Amino acid sequence: MPFKIIASQCTSCSACEPECPNVAISEKGGAFVIDPKKCTECIGHFDEPQCVAVCPVDNTCVVDTSLPRYQAPA
Amino acid sequence: MDVSALDEASAAASAVEIGEIRQVIAEHKGCGTSGASGKASCGSQASQAKLPTEIWEKVKNHPCYSEEAHHHYARMHVAVAPACNMQCNYCNRKYDCANESRPGVVSEKLTPEQAAKKVLAVASTIPQMTVLGIAGPGDPLANPKRTFKTFELVAKAAPDIKLCLSTNGLMLPDHVDRIASLKIDHVTITINMIHPEIGAKIYPWIFYNHKRYTGIEAATILNERQLQGLEMLTKRGILCKINSVMIPGINDQHLVEVNKAIKSRGAFLHNIMPLISAPEHGTVFGLNGQRGPISRELKALQDVCEGETNMMRHCRQCRADAVGLLGEDRGAEFTTEKIMAMDVNYDLEMRKAYQAKVEEKRAAKVAAAQEELPELASEMSGIKLLVAVATRGSGLINEHFGHAKEFQVYELSTTGAKFVGHRRVDHYCRGGYGQEENLSTIIRAINDCHAVFVAKIGGCPKSNLLKAGIEPVEHYAYEFIEKSAIAWFKSYLDKVQSGEIHHVEKGEAALRQGAMISAA
Ligand code: SF4
Ligand code: SF4
Ligand code: SF4
Numbered sequence: 582m583p584f585k586i587i588a589s590q591c592t593s594c595s596a597c598e599p600e601c602p603n604v605a606i607s608e609k610g611g612a613f614v615i616d617p618k619k620c621t622e623c624i625g626h627f628d629e630p631q632c633v634a635v636c637p638v639d640n641t642c643v644v645d646t647s648l649p650r651y652q653a654p655a
Numbered sequence: 003m004d005v006s007a008l009d010e011a012s013a014a015a016s017a018v019e020i021g022e023i024r025q026v027i028a029e030h031k032g033c034g035t036s037g038a039s040g041k042a043s044c045g046s047q048a049s050q051a052k053l054p055t056e057i058w059e060k061v062k063n064h065p066c067y068s069e070e071a072h073h074h075y076a077r078m079h080v081a082v083a084p085a086c087n088m089q090c091n092y093c094n095r096k097y098d099c100a101n102e103s104r105p106g107v108v109s110e111k112l113t114p115e116q117a118a119k120k121v122l123a124v125a126s127t128i129p130q131m132t133v134l135g136i137a138g139p140g141d142p143l144a145n146p147k148r149t150f151k152t153f154e155l156v157a158k159a160a161p162d163i164k165l166c167l168s169t170n171g172l173m174l175p176d177h178v179d180r181i182a183s184l185k186i187d188h189v190t191i192t193i194n195m196i197h198p199e200i201g202a203k204i205y206p207w208i209f210y211n212h213k214r215y216t217g218i219e220a221a222t223i224l225n226e227r228q229l230q231g232l233e234m235l236t237k238r239g240i241l242c243k244i245n246s247v248m249i250p251g252i253n254d255q256h257l258v259e260v261n262k263a264i265k266s267r268g269a270f271l272h273n274i275m276p277l278i279s280a281p282e283h284g285t286v287f288g289l290n291g292q293r294g295p296i297s298r299e300l301k302a303l304q305d306v307c308e309g310e311t312n313m314m315r316h317c318r319q320c321r322a323d324a325v326g327l328l329g330e331d332r333g334a335e336f337t338t339e340k341i342m343a344m345d346v347n348y349d350l351e352m353r354k355a356y357q358a359k360v361e362e363k364r365a366a367k368v369a370a371a372q373e374e375l376p377e378l379a380s381e382m383s384g385i386k387l388l389v390a391v392a393t394r395g396s397g398l399i400n401e402h403f404g405h406a407k408e409f410q411v412y413e414l415s416t417t418g419a420k421f422v423g424h425r426r427v428d429h430y431c432r433g434g435y436g437q438e439e440n441l442s443t444i445i446r447a448i449n450d451c452h453a454v455f456v457a458k459i460g461g462c463p464k465s466n467l468l469k470a471g472i473e474p475v476e477h478y479a480y481e482f483i484e485k486s487a488i489a490w491f492k493s494y495l496d497k498v499q500s501g502e503i504h505h506v507e508k509g510e511a512a513l514r515q516g517a518m519i520s521a522a
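For the protein sequence lines, the chains are D and L, in the order given. So the first sequence is numbered by this note's numbering: it starts at 582 and just counts up by one. So the second sequence is numbered by this note's numbering: it starts at 3 and just counts up by one.
Okay, chain D solo, but in the shape it has when bound (with noise of 0.2 Å):
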């Protein structure tokens, strides 16, 4: 499950934007958005999401759970 952003909360701060080791956050009309692709929890890079992690306002950042679990690779 790759981390989403609540756009009606987002501030768009781009705290989370370099913050990320996958580059999946970039800026669209205004607001900050994640490529599921791409993300991978941050698992293997960090102890915490990063994202999750400097987002200034609270719930913002959440796992998307409509997708499947990131694989780790092995």
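Be aware that a few hints might be false.
Computed footprint of chain L on chain D, listed as stretches where at least three residues anywhere in the stretch have a Cβ under 8 Å from a Cβ of chain L [said to hold, decoys possible]:
#1 585-597
#2 630-641
Below, simulated BS3-like cross-link-like pairs (lysine-lysine); rule was C-alpha separation at most 27 Å, straight line [as the list claims (entries may be wrong)]:
#3 K619/D - K147/L
#4 K147/L - K213/L
#5 K213/L - K585/D
So the derived label-pair ranges between C-beta atoms look like this [said to hold, decoys possible]:
#6 R180/L - H626/D: 19 to 29 Å
#7 D176/L - E608/D: 18 to 28 Å
#8 S589/D - V506/L: 55 to 65 Å
#9 P649/D - N347/L: 52 to 62 Å
#10 E115/L - S589/D: 24 to 34 Å
#11 F627/D - Y356/L: 51 to 61 Å
#12 D616/D - P206/L: 23 to 33 Å
Hints are computed from structural coordinates only; laboratory data are not their basis. Computed from a predicted model, the values in this text were never measured in an experiment. Cβ atoms here follow ideal geometry from the backbone N, Cα and C, with glycine treated the same way.
Chain D is fixed; fit chain L with the ligands onto it per the hints.
Only chain L with the ligands this time, still in chain D's reference frame:
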């Protein structure tokens, strides 16, 4: 930073109650002010004579580092740094309002290229603009690429403009070399505590080394990084201003210790600002009813710290996209749309010629204040009082009472006139007629003053001011502030001596919180 140094600092500095603070002030003679010269040697009011030449060169045209310069020179901020790496309980990143003047608030984010063009456009329109600062709206060093790119572009296109940076300090030690190599010689660090237990009440979390830290752990890291960064900068000869937010009941007494700690690490200037915490701003402090200080508390704390280090008292807690003289935001004239359409011709010679004229006026003002002093010094009196001044800059009493958006407050004593703060107000006269309600808020804002100096004032506000015990003074319209204030004070003392009037202490004044009605 080593922790023992911290402990020492705290042991040495015992907490001071506000009551004690007042007592200390009563004994405090205003640091080095001598009756003969009458020029306060302290504060950001420091004049050329009191500073080494190389430092004077750095501050003389910087409106924030020199109180005197802020009457003549302007600064601008560009909002290129939206991201932040920590959360403060007095900040709400969601809020943005064009009518609001406070840190962290902006109307538009800029790219470094847009920002550089804006700087050139403003510098060509406002020749007294001498300083470019980057102050967020997040943290400039949490956005190092955009911040330094902007400075590089501006340094190339407009080499005469001073560069200035304001940071929370968390990432500062990593960027000191870059700051030095770009010749950024003014850095502001916001330091609200040197004890993590106090920090934990101000900062809910920080994001550092790819991890979110909370509580005491977060505050410990932050504090160590801030003090380390400060030491590294001052070692390189970079002037550092420390901003502290005064939060009653949380860090107000503690700021005396903070002041000692930053002084010992070479900070040039300490700016203690009142907490802004209206509930409508949606900050944690605003919502939980944390109050800001009243003006007397703020002044008391500033006065105590003044013996330790230069104090800044003219800070306007500006927006991160403010443009123009302090207290007079012209940001609305320079929206991205307007700038991009502008044909900018950066004329260095024109700027220099204009600034040379400013220097002439400035010298005349200093000379004028000195004229009045010798006589005053010979008057023996312990009377100290505050007066308010309506000004639009240049060190002159040149604003109509009804048009004033703020009043500058001076403390008068036989040692001269000393700037001690400013009070923001709503226009008394908006849309051409005076508003009774605004008048009473103005009176509340300057209720601790004995007189208000204006270029002009209507009959109705005049009588109301008199009723409130504040003398409206029109007599010195368009004259120099300090010279006039001293002359007025002299006649006041004469009247007290002759028994014509009886000197009474004035009451308490309210610090205006939050919103300022926009000038537009
Ligand atoms: S969880 Fe990690 S990988 Fe996924 S978007 Fe957030 S920062 Fe990028
Ligand atoms: S950090 Fe949060 S608020 Fe800021 S841009 Fe990313 S998702 Fe939006
Ligand atoms: S916030 Fe204070 S220090 Fe910063 S530009 Fe405004 S007046 Fe100067």
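Verification of the hints:
1. 585-597: holds (count 5)
2. 630-641: The restraint on the segment 630-641 of chain D holds, since 5 of its residues have a Cβ under 8 Å from chain L and three suffice.
3. K619/D - K147/L: 23 Å, holds
4. K147/L - K213/L: Holds: K147/L and K213/L sit about 21 Å apart, inside 27 Å.
5. K213/L - K585/D: 19 Å, holds
6. R180/L - H626/D: 19 to 29 Å: 26 Å, holds
7. D176/L - E608/D: 18 to 28 Å: 25 Å, holds
8. S589/D - V506/L: 55 to 65 Å: Holds - the Cβ-Cβ distance for S589/D and V506/L, about 57 Å, lies within 55 to 65 Å.
9. P649/D - N347/L: 52 to 62 Å: 59 Å, holds
10. E115/L - S589/D: 24 to 34 Å: Once the Cβ atoms are compared, 30 Å apart, the range 24 to 34 Å for S589/D and E115/L holds.
11. F627/D - Y356/L: 51 to 61 Å: 53 Å, holds
12. D616/D - P206/L: 23 to 33 Å: 30 Å, holds
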